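Participant: Next come the chains, spelled out residue by residue.
Protein chains: 2
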Amino acid sequence: MADTRSIRVKLQIYCGDEIAMGPGKADLLDAIAATGSISAGARAMGMSYRRAWMLVDTLNRCWDQPVVETFAGGSKQKGARLSLFGHEVLDSYRSLQDSLDWKASRGFEQELLSLLRDMPLPGK
Amino acid sequence: MADTRSIRVKLQIYCGDEIAMGPGKADLLDAIAATGSISAGARAMGMSYRRAWMLVDTLNRCWDQPVVETFAGGSKQKGARLSLFGHEVLDSYRSLQDSLDWKASRGFEQELLSLLRDMPLPGK
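First to last, the protein sequences are chains A and B. First residue of the first sequence? That's 1 in the working numbering, and the numbers climb one at a time after it. First residue of the second sequence? That's 125 in the working numbering, and the numbers climb one at a time after it.
Read the hints as simulated data drawn from the structure, not as lab findings. Each hint should be verified, as a subset may be incorrect.
[To be verified] EDC-like mimics (lysine to aspartate or glutamate), calculated; alpha carbons at most 16 angstroms apart, straight line: (1) B:Lys134 with A:Asp101; (2) B:Lys134 with B:Asp225; (3) A:Lys10 with B:Asp225.
All figures in this text were calculated on a predicted structure; none of them were measured in a lab.
Based on the provided sequences and hints, a complete structural model is requested.
Facilitator: Shown next, in the form of structure tokens:
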């Protein structure tokens, strides 16, 4: 049976009561960068346009400079891309996430995971 | 104006598709240990008894040994306490959490936080 035990680290950057960056926003930024628009990025994430727009709005209100830039495209649809500043923020967030994942996979992890069952017992 | 920028690390231990330990379950275990019952622990957390019971059920199905033990009390209400094994799991989880918080507060943090506004701009 495959071993299903794992540790996941979720990193959230707060600015006031707002989450300025977290796993969902980071994935949305990747999707916007890959697709070239907020609506296509939202679709790729299985997220409503409204929700994606609100996340982008939060990003742009929390960070010192715009993270996502929109621009008029050739069609009716506006295009969007990450600013250089946005790439810097995203890269820095991913680097911190990676270093924490690495840290979590050392030391305590083996001790803690060894106390888990391979799979949960079935629910009642 | 107070600086509202911060980084929070959430640590989730998975067993299959179930979260065997995370911030909410760890806090519930503290509350059960402090109050001596699942229902009082749930109340202290502002959580329904049903929800607390389900979290305890998940805990006990995921870990190698029971984490929470229930026992008949003097009244109609059953008592509950953490097993020695449960204390070991909780302590180990908290230690890993602390070491990751410490790690997150070094190095990258200053770089990343310096890019945030002190407070988000107001929403539209």
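Participant: Does each hint hold? Answer for all of them.
Facilitator: Results for each hint:
For the hint linking Lys134 of chain B to Asp101 of chain A, the alpha-carbon distance of about 11 angstroms falls within 16 angstroms, and the restraint holds. The suggested pairing of Lys134 of chain B with Asp225 of chain B holds, with an alpha-carbon distance near 9 angstroms, which does not exceed 16 angstroms. A distance of roughly 11 angstroms separates the Cα atoms of Lys10 of chain A and Asp225 of chain B; the hinted pair therefore holds under the 16 angstroms criterion.
When held up to the earlier numbered hints, the structure conflicts with none and fits them all.
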